[in-house]
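Engineer: Chain order of the listed sequences is Z and V. Start counting the first sequence at 1; every next residue gets the next number (the working numbering). Start counting the second sequence at 1; every next residue gets the next number (the working numbering).
Derived by calculation from the structure, the hints in this document are not laboratory data. There's no promise every hint is true.
[As the list claims (entries may be wrong)] Distance windows between CB atoms, simulated:
{"id": "1", "chain 1": "Z", "residue 1": "GLY199", "chain 2": "V", "residue 2": "LEU44", "range": "51 to 61 Å"}
{"id": "2", "chain 1": "Z", "residue 1": "PHE208", "chain 2": "V", "residue 2": "GLY33", "range": "19 to 29 Å"}
{"id": "3", "chain 1": "Z", "residue 1": "ILE36", "chain 2": "V", "residue 2": "ILE72", "range": "50 to 60 Å"}
{"id": "4", "chain 1": "V", "residue 1": "LEU57", "chain 2": "Z", "residue 2": "VAL39", "range": "34 to 44 Å"}
{"id": "5", "chain 1": "Z", "residue 1": "GLY241", "chain 2": "V", "residue 2": "TYR47", "range": "37 to 47 Å"}
{"id": "6", "chain 1": "Z", "residue 1": "TRP203", "chain 2": "V", "residue 2": "ILE72", "range": "41 to 51 Å"}
{"id": "7", "chain 1": "V", "residue 1": "PHE74", "chain 2": "Z", "residue 2": "LEU280", "range": "44 to 54 Å"}
Ideal Cβ positions, reconstructed from N, Cα and C, are used throughout, including at glycine.
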Amino acid sequence: MTGQSRPNRLLRNLSAKIASIPMVLTALCVFVGGTIWTVVYSFTDSRLLPRLRFVGLDQYERLWRTPRWLISIENLAIFGTLSLIFSLAIGFLLAALLDQKIRFENTFRTIFLYPFALSFIVTGLVWQWLLNPDFGVQGLVRSWGWESFTFDPLYNQDIVIYGILIAALWQGTGLVMCIMLAGLRGIDEDIWKAARVDGIPMWKTYLFIVIPMMRPVFITALVLIASGIVRVYDLVVAQTGGGPGISSEVPAKYVYNMMFEAQNLGQGFAASTMMLLSVLIVLIPWAYLEFGGRKRHG
Amino acid sequence: MADVTAISPAELAGPSGRRPRRAISRRNVFIYGTLLLVSVYYLLPLYLMIVTSLKGLPEIRMGNVFAPPVEITFEPWVKAWAQACTGLNCDGLSRGFWNSVRITVPSVILSILIASINGYALANWRFRGANVFFTILIFGAFIPYQVMLYPIVIMLRELGLYGGLWGLVIVHTIFGMPILTLLFRNYFTSLPEELFKAARVDGAGFWAIYLKIMLPMSLPIFVVAIIIQVTGIWNDFLFGIVYTRPEYYPMTVQLNNIVNSVQGVKEYNVNMAATLLTGLVPLIVYFVSGKLFVRGIAAGAVKG
């Protein structure tokens, strides 16, 4: 806040206040109001229409007894953990490779990043086609003579989530690479000189000097990936539709189906509140680390 | 940045950057080999999409899908655009395309207009409490959309906008606000303050400074914002399916309905042509904008 207050500041700032009305409305009515509304109604027995008849934790109890939700959570856990690990690892490796003063850096970067411009629907449909057992990769390898080759993640309940993971990584790693590359470029060149003078091998320099220095970059990437993971919805809808059976369901899809198809609003609210909770678990420690210690820069 | 050799690794003290005289070292083979291999993973889907969409259905069924087309045909593209069916409608993806255009254009304009004025107010005309709302806005960007889906349904229904195009435009404006406001706020903050002060001394007010000084100076950031919004809104699926009636479904929703419909023969070539058509707009934006797209991503990355 500005400390010195000028006499007619209040009046002049009227325009600024008017200009901020959309922001204030969005922040209060949609983000805060909407969230509180959903949380409150998750304790009711709303079905086709929202109504305020409180039933305590009934919706949550039912939620955690529903196999479909449990599978969704399990899928999200597997998908989330692996996509975090792989996105960070692949993103960093690609960035490190591109950072070696290579030729055609722009070309490679363009290739790695273009999937990020595509929607999850397009991504899902392409990979559905690519992983088609008759025509896709499996068919190709079999046509080379390896008849018993099996790679049909989208038709196998046990590994379908990995099929989705492959597509998600294809779409998203370019972004992580870009962030990492920016981080690597921000490392002081003297660090490299010093490491070279001391005769430290390159991989050791990366592992023990550069990566620790890039902590903020990693955290940014982590928060970005994590908030994307919870939202995974369109990719699954396009690629598998939740199948085979219900083996690739995710929480966001559960929420949508409950709210807009099964006419079971209360369940949808309870499930979305659980999603909010999982985000808060990631977000609050991060916000504390980021803004707790130092003041926000203006 | 000028010192090229500084970054080169310990074992290669020589010229590794600008003058690759001895290009075939073990290190280079490793680097380029890996990069090329990874490139295959990234390019294969695009290649397969293009190749499939140019083949006739018999050729797909008979032969190797990955092989280039023996006989190039554009029929799948025509069919995807003008004849592909969703439910009872058989007027192709063109309807979804025009819906998407009618959604994207006003959404982009409205969201950028509001966010830029907002960011300007936050950067130069801070008032008591402004930062509180801004912080809420930024944290709101991390709340899963699912939490706010239904309250917004109710709000739009009250306003009489639920199901139509304008309701969706408002939704896109709302959810684009956090990142765009941050983008503009940071940009306007980075401009020299003397400019602002001088204009104030000359008696210019809130809107005059915005229109005559800030706007002309911030063309690049507007382009970045447009890139973020065009790709983001064009690629949206969830809001489209929740907030619009079927006749207004955006292209992504219609595409999914076409490809994942269960009835009829699966026309893989038409499906891939449709998929490619839907991806074409953001791809063009990506390839035309180049470095600015990366800048937009970097702007998105610092969010929060």
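Engineer: Between Z/ILE36 and V/ILE72, is the Cβ distance one that fits in 50 to 60 Å?
Structural biologist: Given about 57 Å between the Cβ atoms, the range holds.
Engineer: With respect to the beta-carbon atoms only, verify the hint that V/LEU57 and Z/VAL39 lie 34 to 44 Å apart.
Structural biologist: violated, 51 Å
Engineer: Is 37 to 47 Å a correct range for the gap between the Cβ atoms of Z/GLY241 and V/TYR47?
Structural biologist: violated, 25 Å
Engineer: The hint says 41 to 51 Å between Z/TRP203 and V/ILE72; measuring C-beta to C-beta, is that right?
Structural biologist: holds, 48 Å
Engineer: Could you say whether the range 44 to 54 Å given as a hint is met by the Cβ separation of V/PHE74 and Z/LEU280?
Structural biologist: Taking Cβ atoms as reference, V/PHE74 and Z/LEU280 lie about 51 Å apart, which means the hint holds.
Engineer: Given the hint of 51 to 61 Å, check if Z/GLY199 and V/LEU44 actually sit that far apart at their C-beta atoms.
Structural biologist: violated, 41 Å
Engineer: Holds or violated: the 19 to 29 Å window for the beta-carbon distance between Z/PHE208 and V/GLY33?
Structural biologist: holds, 26 Å
In the structure shown, a violation is registered for the earlier hints numbered 1, 4, 5, in ascending order.
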